[in-house]
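**Q** Given chain A, work out where chain R should sit, using these hints.
Here is what each chain is made of, one letter per residue.
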Amino acid sequence: MTFSGLALALEWNLQPAASRLAAEIQDLHEYVMILCAAIFVGVFGFMFWSVYAHRKSKGHQAEEFHEHTTVEMLWTAIPALILVLIAWPATRLVVAQKDTTAADLTVKVTGIQWKWAYDYLKGEGEGISLISTLSTPREQIEGRAPKGEHYLLEVDNELVVPVNKKIRMITTAADVVHSWWVPAFGAKQDAIPGFLRDTWFRAEKTGVFRGQCAELCGKEHGFMPIVVRVVSQEDYSKWVGERKKALLAQADDPSRKWSLEELKARGEKVYAANCIACHQASGQGSPAVKAPALAGNKFVTAEPGPIDTVLNGRPNTAMQAFGRQLSDTEIAAVITYVRNSWGNKASDVQPAEVKARRK
Amino acid sequence: MSAVIDHDHAHGHHDHHGGYGGIMRWITTTNHKDIGTLYLWFSFLMFGVGGIMAVVIRAELFSPGLQFVNPDFFNQLTTMHGLIMIFGAIMPAFVGFANWQIPMMIGAPDMAFARLNNWSFWLLPFAATLLALSFLMPGGAPGVGWTMYAPLTVQMGMGMDFTIFAVHLLGMSSILGAINIITTILNLRAPGMTLLRMPLFVWTWLITAYLLLAVMPVLAGAVTMTLTDRHFGTTFFNAAGGGDPVLYQHIFWFFGHPEVYVVALPAFGVISQVIPAFSRKPLFGYASMVYATSAIAILSFIVWAHHMYTTGIPVSGQLFFMYATILIAVPTGVKVFNWVATMWKGSLSFETPMLFALGFLFMFTLGGFTGLVLALVPVDIQLQDTYYVVAHFHYVMVAGALFAAFAGIYFWLPKWTGKMYDETLGKIHFWLTLVFLNMIFFVQHFLGLAGMPRRIPDYPLMFETWNKISSLGAFGMGLAQLLFLYIVVKCIRSGAPAPQKPWEGADSLEWTHLPTPVPYHSFETPPVLH
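Chains A and R supply the protein sequences, listed in that same order.
The opening residue of the first sequence carries number 1 in the numbering used here; numbering runs sequentially from there.
The opening residue of the second sequence carries number 1 in the numbering used here; numbering runs sequentially from there.
Since the hints were made in silico from the structure, they are not lab data.
The beta carbon of each residue, even a glycine, is placed where N, CA and C say it ideally should be.
Hints are not guaranteed to be accurate.
[Unchecked claim] If you anchor each label on the Cβ, the simulated ranges turn out as follows:
{"#": "1", "chain 1": "R", "residue 1": "479", "chain 2": "A", "residue 2": "27", "range": "36 to 44 angstroms"}
{"#": "2", "chain 1": "R", "residue 1": "228", "chain 2": "A", "residue 2": "246", "range": "29 to 37 angstroms"}
{"#": "3", "chain 1": "R", "residue 1": "291", "chain 2": "A", "residue 2": "34", "range": "29 to 37 angstroms"}
{"#": "4", "chain 1": "R", "residue 1": "217", "chain 2": "A", "residue 2": "27", "range": "38 to 46 angstroms"}
{"#": "5", "chain 1": "R", "residue 1": "217", "chain 2": "A", "residue 2": "12", "range": "39 to 47 angstroms"}
{"#": "6", "chain 1": "R", "residue 1": "224", "chain 2": "A", "residue 2": "358", "range": "50 to 58 angstroms"}
Bound-form chain A, shown alone:
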């Protein structure tokens, strides 16, 4: 790891900028802070002095004046002028921030309770898709294991982008409003279900940059970080090649017949990555988020198993349509796993059955 945006952050100021936009935001912030500090010291210096000089315990007699037109006009006009001095550089930056044209690489990011899905839409790497989920183990969160350096800021699959290229991020969401945010890039954009929005960044340093979902999106809102790995153009091309090869190799043949044990072992992993937040490791569910217990659940063990539910989700709950995120094999595996865990006993579900029920 060459450089970590968050771990090096100065705790009392904005994180070190890794893009020009973020650096300019810092400059604007500092400029405004200096203006504010000067005004603050001026006004309250005057106030404390007048409080000190005119206190009754010293015997000061009150005067009776209560108006002064010139002074009042001045202290209306001067702040208005100062505001113009602030608005001008801010306006320039707003326009730059909104300009998402001429991107080298376009990536769509979909907020899903509670992970991020990245689809490389246009540019080198087109066609790559990955799903990025928190990789901090539950034991660390629950205090049963010491916390690692990147506690809550680490994921299984990082977004990988080339350095010095304009990356346009198109945001949307599958369920509720999320917000994609990497402080070091000065990029934050809400991900709104049913709508596309966009933002952009151009990373000027290689390294790993970390952020978190910024819009309250339910129970696990605090547990869906964003990790971006910025690499050199060379490394990026290499990564794209590897990724495409791996995708081909990983692709499971949906017509292959799996044994129940094979499916269960694979399903346990899928369950840990996708289901555990609501349905719990014990399969007991969380009534608070309307996630039913799976242990002893008749609907789960009945034939043919909850294939449609997993594929299409349940409207108005956090049970989302996993058909989009998981392969037939993964869905078959996880259903087989829940049908044969915590005392449940039922037949296995084969990938071919899942494939047949996809619409």
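**A** For chain R alone, kept in the frame of chain A given last:
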């Protein structure tokens, strides 16, 4: 009780407290002073409930990792803390001040609609009960934040519906209260009390009441649409049916931003009474104060989308809302300058109400500056939904509105109870609150800048130090408010008798024309003003 104003038997007031004693007196009362007292005690109770929630939130955030509450309950706590503090504590507190003070300050015998006044108050305990019951529903209280953004609200259990109905009741209460206040101020002023002779507290409430009338129905609409989206198949906020989740945010903040001034303007009013009284000098720039207050109120209607810069509104929208928002700094600056100029060449003394007013002035201005920082779109893109925002609005709501409420309570307590509070304890209460408040919220600016999102129950390790300081401050702040309760109870039970005008520089009618303690019925005959 030495009432200087004789009871006019033609009006049928044969005894001081109406026809009932005990609890029925409070349930049936139509007296503005009784109802003011009810509002104030209710808001103190809610302040305690919301405060306990805040302490639990801060306890969970004391260390990284999950210790006391699960993430879902954490979200329920942040939601209810916000709703209870805003609608249960701060707003009713200032309505309590309005009830007690407006009739006395304008020389009126009571509020214009006395029975309606009773109902406005008694809606509140039912709303609070609905909110409390939501915790007992399957799935618990909603964990959506006080802003109740769609479509997360659709995922919630029945607790969400309880909250929606509670908001309806709270809104009804506010609307009825606002109608009452406007009617009272416009119709019941004593002869000679022209609009531009009214104490500034009355002016700020007149403007606030209009704000309430304008925006509470908008909030009611927003939550009603949420209700029908949840249960009746509408899709106002669902793109799949042609709706838009961001529409909810527009509607909510069209209510939400003026709401900030619903809380802030009466606070300005209290401060505008307290500072001149302890400076022994008339308020500087009275007329410009009235104009500035009106300007703030009008501007508050055209700045709502500054809460939504990251939703992806177009560049022209971002620029418009940025310019409109920073413009608010001008009338707000005028107010701050006027208060400072009021103190200039006065004869100042520093009893507890004045200390709280000075604390207000200092920290509210700080909250104003962070507001200016947040108004700038590029900077806000970094800070939106971080602890910087949390720090900013707590400086406005706690260091601003709550400090003004404390200032007002210490200021008028002698008039209301006929007894003096313990000045030493009052000062200790001030200093403790001041120190702990800054311990809680000042460091949250750093957390926000460094990138800590709000509304998370657990956080990366680098945020630990400031969170620990903030949590310790919260525990101290909570304990300091127990001292406040003790001071008030001690004042009521065993305070030394207060003179008619304990504050040398106070000059509104309740000090100059009414004895201490004020009789149960005051100004049954309008005072003669010159």
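**Q** Now, for every hint given, state plainly whether the structure supports it.
**A** Okay, the hints, checked on the actual structure:
1. Distance hint check: the CB atoms of residue 479 (chain R) and residue 27 (chain A) are about 42 angstroms apart, consistent with the given range 36 to 44 angstroms.
2. Distance hint check for residue 228 (chain R) and residue 246 (chain A): the Cβ-Cβ separation is about 48 angstroms, which falls outside the suggested range of 29 to 37 angstroms.
3. For residue 291 (chain R) and residue 34 (chain A), the Cβ-Cβ distance of about 31 angstroms falls inside the hinted range of 29 to 37 angstroms, so the restraint holds.
4. At roughly 43 angstroms, the beta carbons of residue 217 (chain R) and residue 27 (chain A) sit within the given window of 38 to 46 angstroms.
5. Residue 217 (chain R) and residue 12 (chain A) have their C-beta atoms about 43 angstroms apart, which keeps the hinted 39 to 47 angstroms range intact.
6. At roughly 38 angstroms, the beta-carbon separation of residue 224 (chain R) and residue 358 (chain A) lies outside the given 50 to 58 angstroms, and the hint is violated.
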